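K.L.:
Now for the letters of each chain:
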Amino acid sequence: MTHACLPLHWRRYPERYLLKGNYCENCKTAFFPARVVCPNCRRKALLKEKEMPRTGRIISFTEVFVGPMGFEHETPYFLALIELENKAKILSQIVDSKKESIREGAKVKKVFRKISDTDKEGAIAYGYKFKVVK
Amino acid sequence: MRSVSIIGAGCTKFGEHWDKSFRELIAEAGMKAIEDSGIEGKDIQAIYGGTMASGRLIGQEHIGALIADQLGLTPIPSTRVEAACASGGVALRTAFLAIKSGEYDMVAVGGIEKMTEVSTEEASFALGGAGDQETELFHGATFPALYALLARAHMQEFGTTEEQMALCAVQAHKNGMNNPNAQFHREIAVEDVMNSGYISSPLKLLDCSPITDGAAALILCESKKAKNISDKAIEIIASAQASDSLGLTERKSLTELAATRIAAKEAYKQAGIKPKDVDFAEVHDCFTNAFILAIEDLGFFRKGEGGKAVEKGRTQLNAEISVNPSGGLKMGHPVGATGIKQAAEAFEQLNGRAEKRQVEGAKTGLTHNVGGSGATAVVHIFRKLEGKK
Ligand SMILES: [Zn+2]
Numbered sequence: 001m002t003h004a005c006l007p008l009h010w011r012r013y014p015e016r017y018l019l020k021g022n023y024c025e026n027c028k029t030a031f032f033p034a035r036v037v038c039p040n041c042r043r044k045a046l047l048k049e050k051e052m053p054r055t056g057r058i059i060s061f062t063e064v065f066v067g068p069m070g071f072e073h074e075t076p077y078f079l080a081l082i083e084l085e086n087k088a089k090i091l092s093q094i095v096d097s098k099k100e101s102i103r104e105g106a107k108v109k110k111v112f113r114k115i116s117d118t119d120k121e122g123a124i125a126y127g128y129k130f131k132v133v134k
Numbered sequence: 001m002r003s004v005s006i007i008g009a010g011c012t013k014f015g016e017h018w019d020k021s022f023r024e025l026i027a028e029a030g031m032k033a034i035e036d037s038g039i040e041g042k043d044i045q046a047i048y049g050g051t052m053a054s055g056r057l058i059g060q061e062h063i064g065a066l067i068a069d070q071l072g073l074t075p076i077p078s079t080r081v082e083a084a085c086a087s088g089g090v091a092l093r094t095a096f097l098a099i100k101s102g103e104y105d106m107v108a109v110g111g112i113e114k115m116t117e118v119s120t121e122e123a124s125f126a127l128g129g130a131g132d133q134e135t136e137l138f139h140g141a142t143f144p145a146l147y148a149l150l151a152r153a154h155m156q157e158f159g160t161t162e163e164q165m166a167l168c169a170v171q172a173h174k175n176g177m178n179n180p181n182a183q184f185h186r187e188i189a190v191e192d193v194m195n196s197g198y199i200s201s202p203l204k205l206l207d208c209s210p211i212t213d214g215a216a217a218l219i220l221c222e223s224k225k226a227k228n229i230s231d232k233a234i235e236i237i238a239s240a241q242a243s244d245s246l247g248l249t250e251r252k253s254l255t256e257l258a259a260t261r262i263a264a265k266e267a268y269k270q271a272g273i274k275p276k277d278v279d280f281a282e283v284h285d286c287f288t289n290a291f292i293l294a295i296e297d298l299g300f301f302r303k304g305e306g307g308k309a310v311e312k313g314r315t316q317l318n319a320e321i322s323v324n325p326s327g328g329l330k331m332g333h334p335v336g337a338t339g340i341k342q343a344a345e346a347f348e349q350l351n352g353r354a355e356k357r358q359v360e361g362a363k364t365g366l367t368h369n370v371g372g373s374g375a376t377a378v379v380h381i382f383r384k385l386e387g388k389k
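One line per chain: the protein sequences are H and B, in this order. If you're matching positions, the first sequence starts at 1 in this note's numbering and goes up one per residue. If you're matching positions, the second sequence starts at 1 in this note's numbering and goes up one per residue.
Honestly, the hints are just simulated from the structure, not real lab data. Check before you lean on any hint, since a few could be wrong.
A few chain B residues facing chain H, derived, Cβ under 8 Å [unchecked claim]:
1) MET1
2) TRP18
3) PHE138
4) GLY140
5) ALA145
6) ALA153
7) MET194
8) ASN195
9) SER201
10) THR249
PhoX-like mimics (lysine-lysine), calculated; alpha carbons at most 25 Å apart, straight line [what the hints assert, rightly or not]:
11) H:LYS114 / H:LYS99
12) B:LYS252 / H:LYS28
13) H:LYS87 / B:LYS252
14) H:LYS87 / H:LYS28
15) H:LYS114 / H:LYS131
16) H:LYS99 / H:LYS20
17) H:LYS48 / B:LYS312
18) H:LYS89 / H:LYS44
19) H:LYS107 / B:LYS252
20) B:LYS269 / B:LYS252
21) H:LYS48 / H:LYS114
22) H:LYS44 / H:LYS87
23) H:LYS131 / H:LYS87
24) H:LYS109 / H:LYS28
25) H:LYS20 / B:LYS252
26) B:LYS303 / H:LYS89
27) B:LYS252 / H:LYS50
28) H:LYS109 / B:LYS252
29) H:LYS99 / H:LYS134
30) B:LYS252 / H:LYS44
31) H:LYS109 / H:LYS134
32) B:LYS252 / H:LYS89
33) B:LYS276 / B:LYS224
34) B:LYS224 / B:LYS252
In this text the structure is predicted, and so the values were computed from the model without any measurement. For glycine and all other residues, C-beta sits at the position ideal for the given N, C-alpha and C.
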């Protein structure tokens, strides 16, 4: 079970389905998820909606053997911190990849997957995961 | 300038208290602290209580009022403080500031968590709320997973090994043998940690702090007054707190907890001391790699050398610096209580009351409490209050 209600799922569609974040034109920094305030520029910020690149590299990873509620059927699974090509970082599961290929520096690309089991309102959470590419 | 001292401390045993409720635990710790300080309940002017997830764990909010009620201290103001696993440390700092400001002279501060009323899965879900719900927990990141990502980054950058991390657990269990309130009284070896099974690689079961019930409380008093009424007052010579991004993705570095480094720097400045002047420290080792991060970020060892320092035994009891003489969080981590328990340990150590775990010649002690994966850090430094009645 993730903490999720229908309005939350609905609100996060652009982010979770399309990797929409934003970009501050003042300090040239990409944010994912989108931020309301640019932490670098604050009121001088020029934030514009922007889709993130769909590829990046693994900077750290872990294989999760004991997952939170709603992920019982998934374990074990890999989670990674990924730096996207525009330097924005993202935490995501790594799927469809050989275990040996999941390492620091590996190139990954976004795929669309079911994230966790049905919650009590009957909504299935979908979103991004990543897979290692050559 | 007003100064603040601790004049009494009380802790429950840390462990699985199936026979005791949340309210019984906080009342037990609170009464012990009041008794230890030698004051009367009516002398207390305000209460601050740290708890992280009572709503999810026992279905009870409004903990401030509950504490005042259970201790028979109504109608004085009583306020809950929440900062995830740093709830206790931030409650202590809030109480410190309340006296420092001149508003009160005598304040009780407590910390508590009752974590075994729900299943382990529910408890870990509640703890997951200390990270970023929408970008971490949603994707299946547990708390051990977040620290595992930090552990791997440290291993990659500095060559820190799983054995070095295991040694942190070995040291914790060894020190815990001398702590009557510890959740475990069992020595372990590196092989035990290495064979304990991955929870989230590279972290194994014995790299993780346990699920614990427990409470701790302190009585804080303005120092001039403390001198007159107590011969065991210890002065809080520094109190500092810093914040960082809630989630890991916005961190500038994954090989440090910047909030710890910044709070520590501020604390050393307030106290007018250097890291090498600290005789003992109670650091926030929710995972073994958190121990390594802490001893580096607090300035005891250079960045990247924490693992080797542990390997060489430099953090053992009465070695170069005694880190976690109580056994630390491995000996029980009732999240909201931890920051208060650490200060209670400093109180025992500086009063020479720590028995078999006593740090020889302990003059200056430091406590370090972290919330989440490093989004909050609180550092306090203590010294025996000069001159008595
Ligand atoms: Zn900006």
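K.L.:
Next, verify each hint and record whether it holds.
P.N.:
Results of checking the hints against the structure:
no.	hint	result
1	MET1	violated (33 Å)
2	TRP18	violated (22 Å)
3	PHE138	holds (5 Å)
4	GLY140	holds (5 Å)
5	ALA145	holds (5 Å)
6	ALA153	holds (5 Å)
7	MET194	violated (15 Å)
8	ASN195	violated (14 Å)
9	SER201	holds (4 Å)
10	THR249	holds (4 Å)
11	H:LYS114 / H:LYS99	holds (20 Å)
12	B:LYS252 / H:LYS28	holds (16 Å)
13	H:LYS87 / B:LYS252	holds (11 Å)
14	H:LYS87 / H:LYS28	holds (11 Å)
15	H:LYS114 / H:LYS131	holds (14 Å)
16	H:LYS99 / H:LYS20	violated (29 Å)
17	H:LYS48 / B:LYS312	violated (52 Å)
18	H:LYS89 / H:LYS44	holds (23 Å)
19	H:LYS107 / B:LYS252	holds (21 Å)
20	B:LYS269 / B:LYS252	holds (24 Å)
21	H:LYS48 / H:LYS114	violated (28 Å)
22	H:LYS44 / H:LYS87	holds (21 Å)
23	H:LYS131 / H:LYS87	holds (18 Å)
24	H:LYS109 / H:LYS28	holds (23 Å)
25	H:LYS20 / B:LYS252	holds (22 Å)
26	B:LYS303 / H:LYS89	holds (23 Å)
27	B:LYS252 / H:LYS50	holds (22 Å)
28	H:LYS109 / B:LYS252	holds (23 Å)
29	H:LYS99 / H:LYS134	holds (14 Å)
30	B:LYS252 / H:LYS44	holds (21 Å)
31	H:LYS109 / H:LYS134	holds (10 Å)
32	B:LYS252 / H:LYS89	holds (10 Å)
33	B:LYS276 / B:LYS224	violated (29 Å)
34	B:LYS224 / B:LYS252	violated (43 Å)
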